[in-house]
Structures are given as C-alpha cells and as structure tokens.
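Residue numbers (this note's numbering), protein chains in the order written: chain A, 105 to 700; chain B, 105 to 700.
Please note that a few of the clues may not be correct.
Note that the list lumps identical chains together, so a pair holds whenever it fits in one copy or between two copies.
Lysine-lysine pairs mimicking DSS-like chemistry, simulated, CA-CA at most 30 angstroms apart [as the list claims (entries may be wrong)]:
#, residue 1, residue 2
1, 677, 526
2, 206, 188
3, 188, 637
4, 454, 526
5, 435, 216
6, 234, 392
7, 637, 533
8, 328, 180
9, 637, 190
No wet-lab data here; the hints were simulated from the structure.
There are 2 protein chains.
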Amino acid sequence: MEPMTSLRAWMASRGFQVTIIPSNDCHFDEYVPARFKVREYLSGFDGSAGTLVVTLTEAALWTDSRYFLQAERQIKGRGIELMKIKMPGTPSIPQWIESCRKASGIAPEQYKVGVDGDLFSYDDYFAFCKELAPMPLETFSDPFDSLWPGRPSLGDSPILLHKEEYAGRSVSDKYRDVVSNLGIEGPFCLFLSACDEIMWLLNIRGGDIEYNAVTLSYCLLDNKGIKLFCRKECLTGEASDYLASQGVEVLSYGEIDAALEAVPAEAVRIVSNNCCSINKYKIFSRGKAVMPDPTVGGTVAMLRACKNPVQAQGFRQAFLQDGVCWVRLLKYIYDNYGSGSLNEYNITQKLLEIKSGSAHYLGESFEPIVAWNANAASAHYSVTDEASSARVAGGGFLLMDLGSHYPYGTTDTTRTVFLGEKEPTAAQKEDFTLVLKGMIALAEAIFPAGTRGCQLDILARGPMYRTGKMYFHGTSHGIGQWLCVHESPQIRMEYSPIALQEGMIMSDEPAVYVDGQYGIRTENVVLVSPFAKSDYNTFYRFETLTLVPIDRRAVDFSLLTDAERAWLEAYNKRVYDALQSHLTDAERAWLADYIK
Amino acid sequence: MEPMTSLRAWMASRGFQVTIIPSNDCHFDEYVPARFKVREYLSGFDGSAGTLVVTLTEAALWTDSRYFLQAERQIKGRGIELMKIKMPGTPSIPQWIESCRKASGIAPEQYKVGVDGDLFSYDDYFAFCKELAPMPLETFSDPFDSLWPGRPSLGDSPILLHKEEYAGRSVSDKYRDVVSNLGIEGPFCLFLSACDEIMWLLNIRGGDIEYNAVTLSYCLLDNKGIKLFCRKECLTGEASDYLASQGVEVLSYGEIDAALEAVPAEAVRIVSNNCCSINKYKIFSRGKAVMPDPTVGGTVAMLRACKNPVQAQGFRQAFLQDGVCWVRLLKYIYDNYGSGSLNEYNITQKLLEIKSGSAHYLGESFEPIVAWNANAASAHYSVTDEASSARVAGGGFLLMDLGSHYPYGTTDTTRTVFLGEKEPTAAQKEDFTLVLKGMIALAEAIFPAGTRGCQLDILARGPMYRTGKMYFHGTSHGIGQWLCVHESPQIRMEYSPIALQEGMIMSDEPAVYVDGQYGIRTENVVLVSPFAKSDYNTFYRFETLTLVPIDRRAVDFSLLTDAERAWLEAYNKRVYDALQSHLTDAERAWLADYIK
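Chain A extracted, bound-state conformation (with noise of 0.2 angstroms):
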C-alpha cells in the first residue's frame, strides 16, 4: 500500500479526519534520526523544514523559500499541494484544514485533527487548538512503526565521554552554575529535553543524528542533582563510570514518564527553551504550574552558548587543522580544474579523503555543500551521487559550505571561488566584493556588553543593499563543540533578544544568490572576545577563527576601502603564517601563490 494510503486508512479507523505531520522528533532537534523523517517518508520531500498535513482525500506540505523548487520537484504527482510560506496568498495550516472542512460538509465539532503528542512543542499545541477550535485537536501516539514497512531503527550509536580536558568544565562544576543561575529559592526541578544541552552539561556525546553528536535523551536537573534518561546499553564504559563519578543518575529513556510524575509538588517546575511536548508538558505540570526558564534563551543554553578558554583553545585547533585540509582541497581544484575532470561530487569525495587523514577527525559537521554555479542559487543544495553532480569545468564560480567534527571544536566554512580562464564579469566582482565587505564589516565589529545580534546584522548585509540584492537566511548561528553546528541561542541574529557574550562562537555569513546563474557566500567563524573596558562600557571584538585563505580573483578592489583592502591582505597572510607549517613544500609554495 502507499504510504499515504495506509496513513488514510489508519486515520479513518481512528476517526482522525485530518493529521499533521510535523519534521520534529521527540526532541526538537534542528535535524532528526532517520526513524523520525515521517514527513519526508510520506511526502517524498526530505528537506530539513517542512509540516504535511493530511486529510482523508486531500493533502498540503508547508515548507519555506529555500525549499520551494526541491519541494515541488520531490513532491510532484503524489497528490499532494505546496505551500509556499510567507507567499501572499498562502493559507496558514488552521485555515487550509477549516477550508478542507467546509468542503467536506462536517460539523467543525465532528471534524477531529490528530497530532502526534510527542512530536508538537506545547507552545505549538496550545496555538493550534485554539486557531482550529472548534474543531478538536486530539494526540495519538506514534502510529509509524506499523504503518512505516522497514522503518529505520535508531540504532545503537554508543554514548561517549566528552573529556574534560576538551570541555574544560566537570559536570559538577556545570551543575554549580546552571543552580546559580537558575536562581531559585527552595525545591525546584529543570526539565530538559534539547538532546545538545543535555550532551553539554553531562559532557557526552552521541551518534542518533547524523552529523550532531547527540544521544536522544532526557534530563531532570533539581536540588539533589542530575538524572539522565538515555538507551543506558549504548554508554560507553569510559562515559558510565565519569558520569558516576559525577554522581549523575542514569536511567532508562522509558523512565522519564514516571520521573516527570514523580516530581514532588512543592518543586517549582522549569522547562528549558519552550522545547517540550505536550505529552510530557502534561506529565510534568500534572496540576501544578510549570515556569518558563527564567533566563532569556535558557539557562543551559547561554551557558553552553559562551565556550569557556579550554574550548576556545580547542576551536582554534579544529580550525588550524581543517585550514590546512581545505589548502589541499583548493590546490586540488586548481590542479585539476584544467582536466576538465572535475565535478562537485568527486570534489565532495575528494575532501572526505583528505578530512580522513586529519588528526581526530570525527566526521562532517554537516552536509557538505559543493556547488557550481547556478547550482550554488540554492542556498541548502547537495550533491548526493556524481550522475546528478554538475561538471565543474567552462569558469564560474564553485561554492564550498564544509565543516568538521573533531573532539575539541567543530567548524563551518564557506569559500566561493572563481575558476576558469574568462574573467569574472563586473557585476560578478560586483557580487563576490560585497559579500566580502560585508564579511569584514562583522568581522570587525566593536560593540558594547548589552549589543544584540539585531543590532550588528546590518553590517553584514547593508553592503549588498546597494546592488538591491539581499539574502533571505541568518547572517549567523552558534556552533556547538562537537555537537550541532548550529547551536542556539543566537541563531539568526536578526530577531534574537539575545545580548552577545564573551565566549560565543559564531559564523559570520553574508552572502548573495542570483536565480540561474550562481551563488556566493563567504563564511567565517568568528569569538567574541573582551575588546575595552572604560567608564562607558565593557566592549568585546570578534577574533576570527577561520583559517582558509579567500580567493582574490573575483575582487573587485575599487571597491574596497583602505582598511579592507588591509584587512584581506592581512587575514591571508595570518592563514599562511599560521597553516604554513603543516604544509608540504608544494602545498606551501601554492598558498604563497594564491595569496599573491
């Protein structure tokens, strides 16, 4: 049976005339385990965001503009209807199900919606029933595992240790400052379900997820101390004995329903970031009143968001190392660009080969993105298989969005460079500047302690303004250690509250996209450091951690001012200075040259 069908069929049985089917797992992590990909199981579209909904006859997928030709292409003959968010003219999810609802001819009161309780955020549950009442808004438990033939199983990735040595802080010591700037007075229990805030304060890792290094579990975090909820048979020795000797509780993920329940009633009840299912929302506050978390993008969050010196230490290490792998790549391409051989998948493979031969290397730290051209318009593009990869040959541009997973620090880098014998055009120069510009103009940033990301985010994109270009993803994201690369609690730096902290670690991202034609972005990562303290304020720079040299050649340098101009040179030489001696002779004499 179709997959739809069979859905249809369960919904008529549980008298379900609509579902929706969010991208979310139990945890709400950015990416989720395959077993947890139903959306993209039913629809055929497997992009990262995305809500299907269902109904007995009809159906609807609501993704956001970086999806929209993927979905349509992977969506296409299957019944199912895009949903251009944001679009003029888009219904929102209440609105289509109401229409769907009138043209049935039901009773809105008859007309029940199912959600998987596990899977919608309370926040989101409690918005819902209210934009669709009448018409109810029921929870089922995952129905999959029947109705999926061959569902992934999660696997057994085992749960490591992640040295102190690399986090540079005990648990115990995290547990201190989390009690402290929790605040609370009195009995209290922290609920939390974000998979990398609980790797972060337990100082583990896991492998659920492909590229983040999470273990699908949960944490109560109160007077007494910690309990973690995971698949205790995937704990690694090395990790099950520090976590003892931290004096962490370990229990089985299936014993949190009956830790939620047994939280005493006088405590007072936390859940971290909003990131909580109604299912366990409704465990957890069982007629007592939960508390948001007290601090502004969570107490954990913040925490890990502001990376301690030993961290700090070891991203300059990760970034040291993956400089010198990308050095190998890039002379890679420009040796080879002439064959005509080339193509975005053996470059992709290409770096896999030369990332294996680093020192800790543990993986992608996402999909890497190895785009030319016109393929390089869609900001979230990869290649997975070289029948469908473009040859990369005939000049242009080649986007290249990698990063690496090593035990003490996890990278993210975007290069674009011009290959071929033509010249750029103006308007490519025009481009390829502008981004730099605007790469620069944050990187230099000064700013005073209480400076949110809204408020530097111009720097990065008034630049392109101009040309009346502009990018419509975050100039920024936090990067976790070894964790996920995109880390809250300042992602997309637009709309955070959030005020920027020593020891943050982020990306600084300006790019542009011209439909058909090509894409560049220009990537660094980039610390917050203290810069001044007067009797004005306490300032903080950004010191970049980047090493990978920019290409030149599509520079348009009238376009530069003296101190930019000062700034490229200066940061390509820092890259040479730092990566030259890791290099072969041959791969140092090349860096020299491309610098020039």
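Assemble the complex: chain A is given as a structure, and chain B must be docked to it using the hints.
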C-alpha cells in the same frame, strides 16, 4: 506652608500613606503644561523625566542618567532621596515603598498608596497594583488647585487651523485612512488621548505646551465620524469652520466622560498606543473589553509618522530657511569670537533675533541648547540667564542644538564647532571625526522594506566604540510637522519594533560626551525615500533634509574613507548651493570660505 508639608497634611487627611507623583499630564505628552508640573513644584527638580514618591515622613525621586547631576543639585536640602534608575542597588518604586512600610510597622493592607487616576496610564496602574499588592493602590482626583498657591492656569492659547496646503490631506481623507487601517468590521470606537495624534488627525494646532503645538484634547473616532473634545472657546473661526466643513463634531473638553459612557455596548473599543489614563479606561471599558490598537506603533501614530509629499516639501522649505538662519548665527559667532564678549546666553538671544526675521517662523521647536565645552557634556544642558551662562572664549567646542517651527515643517539640528586659536587636540579631533563618521554612515544607509530602526542603529554608534566611548541616548527620533519635535513611534530606534517606512522623517544624531571636558553631537534630519525595487525586495534610502554646514576644523581627515571625505565635501557644497541665493554677499563669502 512648604509644598511637601501641605501635601502630607492632605495625605493624612485622606488616609494615604504614600502618593506617587509622575511627570505626566492627562494626555501623556512628552512635555507637560506648566500647571501639571506638580513634581517640579514639590521637588524643585525640573528635568523632563522623574517620578516623586512621598510618604508621610520620607520622599524619593527616580530619574535617569541624563538628570543625575541636575536632580542632585536641585533637590538638595529638601529631604528627598535621589534614586538613580538602572544603577546597581537602586530599588524599584514598589520595593522602596515596601521598605518604608516595613520601617513604619503598618500592616500592608493598611498602607494605602494613592495616585492621580488621570495621570497614570492603565498599563502603569495595573502594573503598580500587582507589584504593590497586598498594599492597596487607590486613585484620587487632582488636589493641587488648593495645595499649590498660584498654580498656573492652562491659559487660553488659540486652537489654530493647520492648512491643507501644508498638511497635504484633508481630515476626511485621514478619517478614511484610519478607518481602513483599523480594518474592523462592524461598529467600533477608537479613543485618542494623545494630543499630537489628535492635532494631526484634525489639521489643527494649539499652544498649551511650550514648544509643542498641541491643545489638550480628546477624540473619539467611530463608524459615523469624529468627535473632538477641547476648550471650544479657544478655537479660531478658521479652525472652527474647517472642522465643521469636515463633519467633525466639536464638544467641550469636559464632555469626554459622558461621551465615553455613551459608546454603544456593541462597539469594539480601541485605545490608541496604550496612551489612556486609568480613569478614562475605567469609563471607556465599563463592563466591556478594550482592544489595544491593532497596528504596531498605533494606527494614527503610524499614519502621522509617514509624511506625504506635500509635507516632505514643507520640511525641505523649513530646513532651507533654518539653514540661512544657521549661517547667519555661525557668521556672527566667528565674527565676534575674538572680542571675548560671547556667552551661551547672548548667542541664544542672537539666534532668536535672527530667526524672528525668517518668514513664517512660529518659534523654537524645543529649548535651545547652546553649550560651551564642559557644559555640553550633559546632554540636555540649557542656559536660562546671562549670569549663569559660560563665556565662550579661550578655545574649545561649542555645541548648539536648535530647532524651529514653521507651519509647513519643524527642524532640529545640532552642530558642534571648534573655536579658538589653539588647534584641537588629537583626541578632540578623533572624537569629532568618529561622531561625523557615524552620522554619515546612518545617512548613507540603504535598507530593504521591513528593516527596523534597531537594525541600523549600529551604523551611527559603531565608529565611536573603537575608543571605548558611547552615548546613552537614542540615535534618532521622529519629528512632527509643527507639532512635537520628538514624535513617536520611531523614537529610540534601538528598541522600537517599528519598520521604517517611506515618508518617515527622523533625526540622525550620534554624539560623544566627555565628562568635565566637552560634548560633541552632529545631527541631521533625514527622510525615508525610495531607493530601488528589485526581484529581491523594495529598498529605501535617506534623503538628508538639513542644510547647515559641518565644521571641518576638528575633522581628522586621515580617519575618513575616500567616500566619507567625498560625502562631507558634497554635503557642504550642497548646503552652499541651496542657501547662497538667500544670503547677503558677505554671508555668501563667509560660507564659501567656511566650507573650504
């Protein structure tokens, strides 16, 4: 009897343990008519912002950093403690009241706190209720007609017509705009109590508040039309005829309560901008829900903020005339500097003399600031008499912040000039130049639709951060047309959620204040104008309206980019070109020399 003694006697007679005296009038105007300056009468402190709290034995005054020094001086010896807002250790008003109560030994339920219900917005009132509980918060009616001997009357300033040839739209047109932007189906009633919103809507102006062309008034706008509540006897024949021609019903100021009570039960009640006293709110809402204004920033306020082309042209004319006055004043200062006779007071007098010769000049738009060296380090300095006025001699920075009302436009310009034979120091030049760089950067911004002020603020602030200095006031405020020089909603752009829109007129005024030495502020006024429309978005730019030369003497040209140098030269040339035909030969020659 001393003012505080009379107040306490009255409090005792009414059973109040505490009264809270804000700086408001009944309309929450930024500045208030003299008869509402009760806080000043009681405390001696005449700054624009401050809240006095009086118990039967204690008193304390809360004010912000702009006024710490001034307040300290003015309240000295009056038994009032200064509470520095946002400084570590400063209690909130409810915290302080609670500590007084504890000291008194009186039970909370008996410790009655009183406020004038016409001077507290409903938001503030409910917030205080919550924070003070279980202490009771009760409203009283203004007792100061009897407690304040010689209390100023409101006067009888005429209510004048603001001609359509300047306003650019009729009241009927504006009524239709408001109704359409409210977008409410069925009966509704919008209650306006912000005087400048009412003036704008009805094309009238008043003179109840110094510098602000408003008359104290209320307004109800419903499906049938507009009712204005004002001192009818102050209406000029012209204004009265115009209002009649537009179908506006004019009632007495005192009739508002009856009209609020008569709003039909079925009408959706809307208050604009939360600018509604708890007294009026209680009458308006009686048993019915009151809806906040559906437009972020306020429906009327947003319409008023976006000037139409006729208004924009009027502002250009106002800035042209003001530019001529500025050149005359600057020439006078430079011509007479050598004589040693200049002081802050006689420069201000000269300014008023010059302006009185400018066609259609209606008066200053705020209290003129002429501040020499260290006097300019406090951002809101103003001089009131010759005796206390500093002699402008010996070299240094003279900061002048001046504005005019014309019927077609209002100006607000700050220039800082360096006078004397000795050259400015490197630090002085650096400070002056970094302020200028910030002003230029904001003026030159290009930005897409949807950009909020907070996203541009860094452009003005950023350059100064490198020196570890910053200013603590806003970078920008909206400007009313012959109305309030500080016009919402784009005031304090660093926090405002308002997206900048075509036609908004706003200041661009970065600054630096060096305690005990000098203040430097350079302020131009800009108009949000179309820049480009592309496949990506609609983009805006700023048109600079101000036409006053910028002093070059303290510019460190080595700190400017080529583009900034060109901007400065082009700007001063543009000023010359625009003004020259309105100047005498001597003035023209002086200006040509000054900008060289």
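Results of checking the hints against the structure:
no.: 1; hint: 677 with 526; verdict: within (27 angstroms within a copy, 43 angstroms between copies)
no.: 2; hint: 206 with 188; verdict: within (22 angstroms within a copy, 60 angstroms between copies)
no.: 3; hint: 188 with 637; verdict: between (48 angstroms within a copy, 22 angstroms between copies)
no.: 4; hint: 454 with 526; verdict: within (26 angstroms within a copy, 67 angstroms between copies)
no.: 5; hint: 435 with 216; verdict: neither (60 angstroms within a copy, 79 angstroms between copies)
no.: 6; hint: 234 with 392; verdict: both (21 angstroms within a copy, 22 angstroms between copies)
no.: 7; hint: 637 with 533; verdict: between (40 angstroms within a copy, 22 angstroms between copies)
no.: 8; hint: 328 with 180; verdict: neither (55 angstroms within a copy, 52 angstroms between copies)
no.: 9; hint: 637 with 190; verdict: between (43 angstroms within a copy, 19 angstroms between copies)
Figure legend: structure checked against the earlier numbered hints; hints not met, in rising order: 5, 8.
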